[in-house]
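Engineer: Residues per chain, in single letters:
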Amino acid sequence: MLTFEAPKELNLKVLQFLYDEDGLAFRFMTDLQAVHYPDNKGRELAVVYHLHSLTENVRIRFKVFTDIQTPDVFSATALFSGANWMERETYDFYGVNFVGHPNLKRILNVDEMDYFPMRKEFPLEEQTRVDKDDDMFGR
Amino acid sequence: MARPVQYNIYGQTDVKLVKEGPEGYMGEGFFGTSLDKVVGLARKNSIWPLPFATSCCGIEFMATMGSHYDLARFGSERVGFSPRQCDLLMVMGTIAKKMAPVVKQVYLQMAEPRWVLAMGACASSGGIFDTYSVLQGIDQIIPVDVYIPGCPPRPEAVIDGIMKIQDLIGKESLRRRNSDKYKQLMESYGIQ
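In order, the protein sequence lines correspond to chains A and P. FYI, in the numbering used here the residues of the first sequence are 1 to 139. FYI, in the numbering used here the residues of the second sequence are 1 to 192.
Treat the hints as calculated values from the structure; they're not laboratory data. Heads up, the beta-carbon is just placed ideally off N, CA and C, and yes, glycines get one too. Mixed in with the good hints there might be a few duds.
Label pairs and their calculated CB-CB ranges [unchecked claim]:
{"hint": "1", "chain 1": "A", "residue 1": "127", "chain 2": "P", "residue 2": "22", "range": "25 to 33 Å"}
{"hint": "2", "chain 1": "A", "residue 1": "41", "chain 2": "P", "residue 2": "184", "range": "52 to 60 Å"}
{"hint": "3", "chain 1": "P", "residue 1": "182", "chain 2": "A", "residue 2": "99", "range": "25 to 33 Å"}
{"hint": "4", "chain 1": "A", "residue 1": "119", "chain 2": "P", "residue 2": "113", "range": "40 to 48 Å"}
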């Protein structure tokens, strides 16, 4: 699958071009998520868009990278309504701040959660448990 | 001639399908015992379970309710789906943290006396789901009377757990729910 990258400021322009251009018509956003690369200094978070052109039957993958200190990325909800919940999920797990999203709040995790669990600095295991033996649980 | 099927002939056989009744005075046409024993006997043989099934343990419970294992033999054929009417909350399966307030609310909606049974590894301890999103055992939010181990437990284990609950119910003092110990337990879970 063709994968390419653009500066994060241009993500909406690229998506709009792919949407409008004759012969491209990528008008279906199949998926949207983030990836955390903690060693990638200055560009730790990748936001990945999966697009499908229904007329050409072609799929592409489009990435933008952002600094984890200022994880602001423009929201694609104006272009794709389906991006609404996917951006909420991406915010929920990675803390990507989608600028312009109408309702950016947690969607899957409990509202009281005060961190972004899929970021690599947070351990996967439940930390509140005291009676599980670390050796038995392979921690 | 020996009877081909031995059932319920007390004293003549080892097979006892009907357990002995509570202690008391018996004579021709009457039986006297204390009230809490009678109430315990009635309660334990007419449990209405409220199944809170979220995963594979629920499937095993369905097998337990089916004709082969037949939980109805223990007086629990009436599975209720309304917490107001039920006596026994059966939590079966993984409880995510987001589901925890729902479980607690269902428990709060049940009328006293109420009992809780945690079926399977997930409901008892979080099981294999040692992760940020899963509640590490329902005893973190509501008090549990009986835990059934297994992943998932077989229907025999479920029946064993129900019988343990029956023992608890039958022996429970009528004043237990008013006791300080019970109130402290409820308070430790933040339940009034």
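Engineer: Against this structure, judge whether each hint is valid.
Structural biologist: These are the hints, each one checked on the structure:
1. A hinted range of 25 to 33 Å for the beta carbons of residue 127(A) and residue 22(P) is inconsistent with their spacing of about 49 Å.
2. Checked against the hint of 52 to 60 Å, the pair residue 41(A) and residue 184(P) passes, with Cβ atoms roughly 53 Å apart.
3. A hinted range of 25 to 33 Å for the beta carbons of residue 182(P) and residue 99(A) is inconsistent with their spacing of about 54 Å.
4. Between residue 119(A) and residue 113(P) the beta carbon distance is about 46 Å. The supplied range of 40 to 48 Å therefore holds.
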